[in-house]
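Colleague: Order-wise, the sequence lines are chains A and B. Residue 58 in this note's numbering sits at position 58 of the first sequence; the count goes up by one each step and never skips. Residue 192 in this note's numbering sits at position 192 of the second sequence; the count goes up by one each step and never skips.
What the hints contain is simulated information worked out from the structure, not anything from laboratory work. These figures come from a predicted structure and were not determined experimentally.
Once the Cα atoms are required to be at most 16 Å apart in a straight line, the calculated EDC-like pairs of lysine to aspartate or glutamate come out as:
#, chain 1, residue 1, chain 2, residue 2
1, B, K81, A, D78
2, A, K336, A, E192
3, B, K328, B, D349
4, A, K336, A, E290
5, A, K81, B, D78
6, B, K160, B, D7
Protein chains: 2
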Amino acid sequence: MKSLNIDLGERSYPVIIGENLMGSADFLLPYISGQSVLVVTNETVAPLYLPALREKLDPLFSCESLVLPDGEVYKTLDTIKLFYDKLLQHRFSRSSTIIALGGGVVGDMAGFAAATYQRGVNFIQIPTTLLSQVDSSVGGKTGVNHPLGKNMIGAFYQPKCVLIDTLTLTTLPKREFSAGMAEVIKYGLISEPDFFSWIEQSVDALLHLDSAALDYAIMHSCDTKARIVSLDERESGVRALLNLGHTFGHAIETSQGYGVILHGEAVAIGTVIAARLSNLLGWLTANDVERIVNLFRCLELPVSIPASMSIDAFFQHMAVDKKVLNGKLRLVLLKKIGEACIVSDVSQDAISTALEASYS
Amino acid sequence: MKSLNIDLGERSYPVIIGENLMGSADFLLPYISGQSVLVVTNETVAPLYLPALREKLDPLFSCESLVLPDGEVYKTLDTIKLFYDKLLQHRFSRSSTIIALGGGVVGDMAGFAAATYQRGVNFIQIPTTLLSQVDSSVGGKTGVNHPLGKNMIGAFYQPKCVLIDTLTLTTLPKREFSAGMAEVIKYGLISEPDFFSWIEQSVDALLHLDSAALDYAIMHSCDTKARIVSLDERESGVRALLNLGHTFGHAIETSQGYGVILHGEAVAIGTVIAARLSNLLGWLTANDVERIVNLFRCLELPVSIPASMSIDAFFQHMAVDKKVLNGKLRLVLLKKIGEACIVSDVSQDAISTALEASYS
Numbered sequence: 001m002k003s004l005n006i007d008l009g010e011r012s013y014p015v016i017i018g019e020n021l022m023g024s025a026d027f028l029l030p031y032i033s034g035q036s037v038l039v040v041t042n043e044t045v046a047p048l049y050l051p052a053l054r055e056k057l058d059p060l061f062s063c064e065s066l067v068l069p070d071g072e073v074y075k076t077l078d079t080i081k082l083f084y085d086k087l088l089q090h091r092f093s094r095s096s097t098i099i100a101l102g103g104g105v106v107g108d109m110a111g112f113a114a115a116t117y118q119r120g121v122n123f124i125q126i127p128t129t130l131l132s133q134v135d136s137s138v139g140g141k142t143g144v145n146h147p148l149g150k151n152m153i154g155a156f157y158q159p160k161c162v163l164i165d166t167l168t169l170t171t172l173p174k175r176e177f178s179a180g181m182a183e184v185i186k187y188g189l190i191s192e193p194d195f196f197s198w199i200e201q202s203v204d205a206l207l208h209l210d211s212a213a214l215d216y217a218i219m220h221s222c223d224t225k226a227r228i229v230s231l232d233e234r235e236s237g238v239r240a241l242l243n244l245g246h247t248f249g250h251a252i253e254t255s256q257g258y259g260v261i262l263h264g265e266a267v268a269i270g271t272v273i274a275a276r277l278s279n280l281l282g283w284l285t286a287n288d289v290e291r292i293v294n295l296f297r298c299l300e301l302p303v304s305i306p307a308s309m310s311i312d313a314f315f316q317h318m319a320v321d322k323k324v325l326n327g328k329l330r331l332v333l334l335k336k337i338g339e340a341c342i343v344s345d346v347s348q349d350a351i352s353t354a355l356e357a358s359y360s
Numbered sequence: 001m002k003s004l005n006i007d008l009g010e011r012s013y014p015v016i017i018g019e020n021l022m023g024s025a026d027f028l029l030p031y032i033s034g035q036s037v038l039v040v041t042n043e044t045v046a047p048l049y050l051p052a053l054r055e056k057l058d059p060l061f062s063c064e065s066l067v068l069p070d071g072e073v074y075k076t077l078d079t080i081k082l083f084y085d086k087l088l089q090h091r092f093s094r095s096s097t098i099i100a101l102g103g104g105v106v107g108d109m110a111g112f113a114a115a116t117y118q119r120g121v122n123f124i125q126i127p128t129t130l131l132s133q134v135d136s137s138v139g140g141k142t143g144v145n146h147p148l149g150k151n152m153i154g155a156f157y158q159p160k161c162v163l164i165d166t167l168t169l170t171t172l173p174k175r176e177f178s179a180g181m182a183e184v185i186k187y188g189l190i191s192e193p194d195f196f197s198w199i200e201q202s203v204d205a206l207l208h209l210d211s212a213a214l215d216y217a218i219m220h221s222c223d224t225k226a227r228i229v230s231l232d233e234r235e236s237g238v239r240a241l242l243n244l245g246h247t248f249g250h251a252i253e254t255s256q257g258y259g260v261i262l263h264g265e266a267v268a269i270g271t272v273i274a275a276r277l278s279n280l281l282g283w284l285t286a287n288d289v290e291r292i293v294n295l296f297r298c299l300e301l302p303v304s305i306p307a308s309m310s311i312d313a314f315f316q317h318m319a320v321d322k323k324v325l326n327g328k329l330r331l332v333l334l335k336k337i338g339e340a341c342i343v344s345d346v347s348q349d350a351i352s353t354a355l356e357a358s359y360s
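The following block holds chain A by itself, in its conformation from the complex:
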């Protein structure tokens, strides 16, 4: 069992990483306040992990569960209403705790409900997918999608703790594991060239769920994210680097309809576009673009824009992206592998050229 601290002053909290942490309630109990607990999960995760967790909580708390349908398509304000209804029907007070047991969609929604029920209740993350373990559960971004844009409705709201049980990866579909790896690779690309090289060398071990390799990848990812979030909780500066591949990726997700393509898959394609654009601007070498494309391919991630999506559709969707500042599109690009930068003066022509080169 390892532990990391997310250093945010009075909002600091630990990320606890280990195998079979859910086998005992001990890791959870110090972070539950109040007498009422709502465990939020989805139809896929519930049969796997909910009964064991409830068995530990039920003798100690007045406990309820909310089992959501599975998928990004349900990450909406209408689903959030189900939280409020449940919490109020069971008279949950401001001193209650909400636990998210699931992937990024469950965590984002449970976090938003926790941020907004009675102006904020206690919140705990138990992420069960690689993507949520290395990215979305850490850092306090919560929210839901709007038909006109991903994560457009939300709040910054930090959990009391993040409990990462790596045993949950044994039940994760392979496609979702790969999607999570896109975010792991991102940390290497933006600030850790050695970590990127390590991933290149460890692809087989990771795909075979080698326990030591997984532990290292998750620990290192959370550590990088923790460092960046501690410097810039509300994304007014350096935290924006974590959005490498995300501006293009969000446009792909929105255009395809939520859930058709996984978030990590869209980020992989978006990262390839950002890499090509970085190369066009004279920064990243063509060889390094190829290294990135190859690594995604080895991890069975898509690297080409879906044929059904036009270049115009990109510009249309990106115009409402949160990274737009005073009308200017800000993009995260790569100076080289291990060094990212934010630029807001890239010409539309250059972007179009990078997009054109990214169809299969």
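We have chain A; now place chain B onto it with these hints.
Modeller: Here is chain B on its own, set in the frame of chain A:
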């Protein structure tokens, strides 16, 4: 023109009070960030003040308006969706500003939308009712109602400034002015006996909108609220005293249906119930209960529970109140005029007796 500071560290902001402040954009400009401004108001306030405000903003910003139907009954999550639709349709970025021009309902909703659009955008309050000027616009409470409870969905989110133009009170219906006075009186009751006496002596001047009396009442109310909010932004302690009369009041509002009775009217009745209960517990004298009832009556505020509402209905609604902590109902009561306290061990019998005595 007077100015007060709400002291909340990096979230500090000024409350600017004066006559005809909206006659110039100067007071507003330093607090608008970004190039896009959404002014939110309602159908009643829009014809009175929106054109003049837009005239000042339009030459300087890309400006849009959202005119909501008027009334507490529209303070719902469904109305909040109109904000998101408008903001996204016009591609408002994270660097936009939302201005609330209206009473508490407009301010609470605009604040919640500002707190949750793209995880938080710039927010300014221009309260146009006495109630919102002395209470709801200051302190960062935002949110909407749920069919099962008032303000159950929301966030703590501070504005960049609060601009109180006392000229707006000249167009405020008399009934709403009185409702606002219930909150002014509250400040006297919880911590300022001399202010309570001053209100008793100034009823006529206040009802005739005497400018000096109004300025003093608003300034003193905001000052008291600022002091309490600075000590306890998220209501974990002393801020709860501001809820005098509100636990009973919210139950009345919820039971009657939002908008049938005004918030301030419900608070007046709730305060009378709290005063009677305080007297039953041996604290407040019978004479002081009478002073409170009389002052509300002089201001044409209701002092009796609506006949259609049963005592059972109170207990049912109060069970989901935010002031419930670990299953215990916490009530704000009065030791004497000018001294409030929070108690969580009042017997159901005593509460019932105080309620029974509060029907007309």
